[in-house]
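Protein chains: 2
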Amino acid sequence: MPTYTPPVRDTRFVLEHVVGLAQHLNQPGFAAATPEVVDAVLVEGGRFVAEVLFPLNQSGDREGCTRHPDGSVTTPAGFKAAYRQFVESGWATLGNHPDYGGQGMPHVVATAFQEYMISANMAFAMYPGLTHGAIAALTATGSAEQKALYLPRLVSGEWGGTMNLTEPQCGTDLGLIRTRAEPQADGSWAITGTKIFISSGEHDLTDNIIHLVLAKTPGAPDSSKGISLFVVPKVLVNADGSRGARNAVSCGSIEHKMGIHANSTCVMNYDGATGWLVGEEMKGLGAMFVMMNAARLGVGLQGLGVAETAYQNAVAYARERRQGRALTGAKEPAEKADPLFVHADIRRMLMEAKALTEGLRALCLWGALQVDLEQLSVDDGERQLAADLIGLLTPVIKAFGTDMGYRVATDMQQVFGGHGYIAEWGMEQYVRDARIAMIYEGTNGVQAMDLVGRKLAQHGGRPIQAFLALVAAEIGAAKADAATAELAGRLERALDDLQGATLWLMANAVTDPDQAGAAAVPYLRLTGLVALGLMWLRMAGAAARLAAAGEDDAAFLEAKLVTARFYGERLLPETGSLRRQIEGGAAALMALAPEQFLAA
Amino acid sequence: MPTYTPPVRDTRFVLEHVVGLAQHLNQPGFAAATPEVVDAVLVEGGRFVAEVLFPLNQSGDREGCTRHPDGSVTTPAGFKAAYRQFVESGWATLGNHPDYGGQGMPHVVATAFQEYMISANMAFAMYPGLTHGAIAALTATGSAEQKALYLPRLVSGEWGGTMNLTEPQCGTDLGLIRTRAEPQADGSWAITGTKIFISSGEHDLTDNIIHLVLAKTPGAPDSSKGISLFVVPKVLVNADGSRGARNAVSCGSIEHKMGIHANSTCVMNYDGATGWLVGEEMKGLGAMFVMMNAARLGVGLQGLGVAETAYQNAVAYARERRQGRALTGAKEPAEKADPLFVHADIRRMLMEAKALTEGLRALCLWGALQVDLEQLSVDDGERQLAADLIGLLTPVIKAFGTDMGYRVATDMQQVFGGHGYIAEWGMEQYVRDARIAMIYEGTNGVQAMDLVGRKLAQHGGRPIQAFLALVAAEIGAAKADAATAELAGRLERALDDLQGATLWLMANAVTDPDQAGAAAVPYLRLTGLVALGLMWLRMAGAAARLAAAGEDDAAFLEAKLVTARFYGERLLPETGSLRRQIEGGAAALMALAPEQFLAA
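In order, the protein sequence lines correspond to chains A and B. Each residue of the first sequence is one higher than the one before, counting from 0 in numbering that gives the first Met the number 0. Each residue of the second sequence is one higher than the one before, counting from 0 in numbering that gives the first Met the number 0.
It should be emphasised that the hints constitute simulated quantities derived from the structure, not laboratory data. Some hints could be false.
Stated by the list, open to error - Derived DSBU-like pairs: lysine-lysine, alpha-carbon spacing no greater than 35 Å straight-line: (1) A:Lys224 - B:Lys330; (2) A:Lys330 - B:Lys335; (3) A:Lys282 - B:Lys330; (4) A:Lys330 - B:Lys282; (5) A:Lys282 - B:Lys335; (6) A:Lys282 - A:Lys146; (7) B:Lys335 - A:Lys224; (8) B:Lys224 - A:Lys335; (9) B:Lys282 - A:Lys335; (10) B:Lys282 - B:Lys146.
Stated by the list, open to error - A short list of chain A residues far from chain B (calculated; beta carbon distances all over 10 Å): (11) Ser88; (12) Tyr99; (13) Ala147.
Don't be surprised by glycine CBs; every beta carbon is placed ideally from N, CA and C.
All chains, full assembly: derive it from the sequences and hints.
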């Protein structure tokens, strides 16, 4: 019953007019992304996820994963066949480097496809998603031998990958890790410990699973500075690439959780498992952050992906379901009632969802372009600017994207009334699935602290100044254009709030770090609203230009202009209250003793 | 593992200093509520729900209800025994009229107990909750014979009750009802039709279930004006009160839903079931609204009740769980990490939850007092003011209460990090349970339309003027007191936003009703924030007076003052952006054709 159509038209619009992909095609790393190829990826990739993955989304949620007494885990019916098709069609290799069998598409194109895959089936998308994290870490810090041994089959999707950070006593604070690595005579390490919340930790989709594991070596300091990264394959791999013995790593149990039921969340037991150091000893945290930063952008995309599917279904329901009459008089008097769509409050929820999802699509793809430019640009200044912007905005894309994803999923469920609460209709699953994205890869509160506590101060504040200058420059240009002047004026007020909050933080948080902690979440949200405002300014500008030039998709362009206006009128005003909240300061937060919190 | 302690101390504080219960004891209807009896209700009622109902909350969610092939439904293990204990201990009768075996406690006291019951086990609390709705409708509009036949055993809890409104094609728009009532020779009616989403529709807790059913009589107009209300017992009741034949009403299936698994949500099939008209023919909607208004206040209380339990568990977790160090330096250097409580952003979430739950407790109990005064006061002016205030604020308590309940439940889950997403820890259940309260008894969007479209205009605007005047008067008094002057100043700004938004609505919504629809939800939220501000002003004033008088619970009183300050600094500022959103108007909401919403 639920529906999903990949928003190809909108992705094209964003790639062309917000990301400006065509302007980068002259750079070597973008060469594979010709317009024809990109279009084929969107259309064929969209078709694949809609036809193969989406039909398994609800059934996968209902069935979940099953752990068997021998520690093996089976994924829900249909997942294994769909995964085989995913690999055989080459979708796993899209954004990977040709050296290891990848198609070498820029990250921005792989991200566009990744959004569709998440929309179709978030739990499924997590299996290749985790593999990508492992590829990123091995590519960045693995030895030549490790790359040769693991990367080709990770890239092809023949094998899966995982990230093993969390332990029962240790989540955000990785200094508390207890998993131990003991050096062996042959240069390998014996890994012993328990990891929890390991997404895709054990399953039946691939012949082998390559675990990347954080552990402590003998004598390592008792802090996050003592952590090393190891590669621990489920099945050992001989030097010739053939499968060796089963390694001493096993799934002890799988979690019963709120959502993403079709992804196996495992307790992983390492009982002297054989692993190899990745990169340098005690430099594991840096290597892990290579994975984490990529993963955080991917999680932000999950917010968008789930929101998009929820939104499409709410639009369909609001068109079909008849209840009540328009306040301005019956719109379809021949029927017993008008469609939900006539009601302003239903439209409020749908317009908010439209403004947020299309805005997040632009932001996620624009962010992915910065990842590409940081790595691929031949221009030093462009590389530095891209690195500054994506470093600054990675926590924003992760946290703002997932906060808004959950909000949209919840509101779209609301459009369904009572039916939204019933599993059969599919809407409550989107809420349950979207919820995890606010938590994992660093909770959204941790993202906000990353932004306020680390990123703002980096390079003497250069990244935030670059972002503020970018927004100010585009506002300036847009104010001169009648079609965008009003939104530009509203964004200017929002930017003023962000600048004011930034100055307030600089004046107050240096002497009292709790001020940073107290301001972090509203400050991140303020930044996210401004960043989305920039995206809408670009989209409105492009839509106005194209409409004036008589482009034939007039209804689509009009919708962009109206949605941009809506964003400015109805969502941007929140920045003012966020600034006031920040300026409220930390005193009232920190005043009470823990026992004073209970009023029993 | 989850924990719940009834917040008796806070309830006492609110009853004494916000509700001012003692000042009303001289009115006849309040006579039963002596301080000793009220205290016994809070302490013993709290003990009962904590010891008997709370232990069944998580197991009930896991097991859910089971429908058997014969249409019977069993509740989760332990529910039947707990319900028997609930009835035998007399808790069912608390707020009911002595004429039918009730204890005659004022509604405000019954509400205090009801909050505890919801906190302990929302799904359980819904069984007697629905019975209360049936009691309210029969009391208000039943014949003397119907009252005598049904009320004593509904009041005692020996029988259960339900409300049957929704049909597959008909939720909010009751004019679409298809269920038919045919008059029979003996004065009864034959009821035929299908009702859906019937909470507590079939179960094993009681010998009989008294259904109140909306249906259309022959020739009734095809609108909500054609609806009649019928009483349809599951088992017919002979004139002497003995059980007669099984009636032709049965449970066709139970829904698989997001939460409240332990409450049976039924499809009810009426196949020529025998029913009796309640009140006048085609006056069913009015009778139903007697139930609905009571039920809406009860649903608002669900937002508070679930939030309170989630909050208590998050406070406990934040005290126990160690992760990271305080930004201002290690607070417990002998341990490997500090408790979560040292982190400002954890405190931000906990303080928001504290400010919202304690504020909502005050608002719900103060609202319940207005229900009492409306019915019981011997003073005409007091009765009218109470009726105005509770009429105006019923949709606010329902929608703002449940929106905030869901927000708090979600944030408290966030405090748990990854553990919050795992069923075992119990936090994700609160989110799933809290979610329904935003939907049923009229979605929160429908509540907002009730506020803006009906309640604002009632009696020439007298209720909203009375509310604004009440807030303004208390601000005036509080500004003179140094302890409350700052909060009063902040509430004055918020009140100015509410007054401005009200004027804007009066100027714009009369000529364009879509402006009312577009403004409704932010306007309701703005009203809720101001109402909670009034509650915090009262609490702060009382706490300051008591502290100055040297009352011995200094830590509790200090917490009230700090939380009031927090509310003013960190939550009230939202009113400014809500006003700006409202003033953004409806144009951008209404501009697009439905097909323009999709960007595929």
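If any of the earlier hints don't hold here, list their numbers in rising order. Of the numbered hints given earlier, the structure breaks just one, which is hint 2.
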